[in-house]
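Enquirer: Work the whole structure out from these sequences, hints included.
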Amino acid sequence: MEKFYDKLAEILEVDSVEPQDDVSSFENWDSLGTLAILAMIDSTYNVRISSQEMKNVKKVKDLENLVSSKMLN
Amino acid sequence: MPFQVIQFVDEEYKSNVFLVVDLPSKHSIIIDSGVRAPLELFVYLSTSHVCLDYLFLTHEHFDHIGGVSSIKTRFNVDLVASKECSKRLGDPRNNLSIYALLDGRGISCQKADIEFSEEQHTFQWLNRELRIMIMPGHSVGGAMYLIDQFLFTGDILIPGRKTITKLPGGDKELARNSLETVRNNFDGTTIICPGHGRQVLLKDVDFAKCYP
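Residue numbers (our numbering), protein chains in the order written: chain A, 228 to 300; chain B, 160 to 371.
Hints were generated in silico from the structure; no laboratory data involved. Source: prediction; values computed, not measured. All C-beta atoms in this analysis are idealised placements derived from N, C-alpha and C, irrespective of residue type, glycine included. Please note that the accuracy of each hint is not assured.
What the hints assert, rightly or not - List time: in silico PhoX-like cross-link candidates among lysine-lysine, alpha-carbon distance up to 25 Å:
no. : chain 1 : residue 1 : chain 2 : residue 2
1   : B       : Lys325    : A       : Lys297
2   : A       : Lys234    : B       : Lys368
3   : B       : Lys368    : B       : Lys173
4   : B       : Lys246    : B       : Lys325
Unchecked claim - Listing some non-contacts, in silico: residues in chain A with all C-beta distances to chain B over 12 Å:
no. : residue
5   : Asp242
6   : Ser252
7   : Lys286
8   : Glu291
Expert: Below you can see the structure in the form of structure tokens.
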């Protein structure tokens, strides 16, 4: 997961992403941005995230925790 | 003008569906199909006595291919797409529908009936010669279609917006090359018909805003 934040920053087109950042604070956290993030998570970590799960993500850390928990299952 | 371009807009993702009607013969083609084919398109084709000949795709993303099955079922037309686009139509991961928050609905289409893989290609439709150009960068299977002065650019060129390259298959350098090709090879009076948004003249496109 060490590159997770770098990959998010690249997709969201920002210099860096921090765990406590509100996802709604990113201009590119829109339908296209979340699409790209879900595709990245699937191809990189082999994890699928549902639309309902994505709607519950408020902080960047929430997304990381979600991916981590699914990788363990 | 011997033909008419009618623009429909998909409600969900605001993707354009273009109907090109050859007025003398009342034959037509469709460029892209939306997440769902717009109801207005079916109404128009059913009430105007226009014959639909082909459905062309500019690229393989779900918001442009979701209506393929319903259009093919209703009108029994051949689907035309680049080879790279065609081979991604059936896989919801490759056409991105599985990630599109469509409540788990993935879109899977059959492969194109007519595929092309050469960088430049011509296609005979009625007495017209359509010019087909492979244009990767936004997606692997991107293509543009030139019909007279109308250039259907898909999502590789959407005037006023930076070309999206962050989706799987996107490539900034290829996108820039594709944009340069459009900028350098077409007349300013060419009418850009993009995958989303309004039609504009090529001379009014600010390419600086489009380069990724």
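Enquirer: If a hint holds in the structure, say so; if it does not, say that too.
Expert: Verification of the supplied hints:
1. B:Lys325 with A:Lys297: 24 Å, holds
2. A:Lys234 with B:Lys368: Given that 25 Å is the threshold and the Cα spacing comes to 24 Å, the pair holds.
3. B:Lys368 with B:Lys173: Satisfied, since the Cα-Cα distance of roughly 20 Å is no more than 25 Å.
4. B:Lys246 with B:Lys325: Holds. Lys246 (chain B) to Lys325 (chain B) sits at ~20 Å (cutoff 25 Å).
5. Asp242: Given a closest Cβ separation of 16 Å, the condition holds.
6. Ser252: Non-interface label on Ser252 (chain A) holds, nearest chain B Cβ at 18 Å vs cutoff 12 Å.
7. Lys286: 19 Å, holds
8. Glu291: 18 Å, holds
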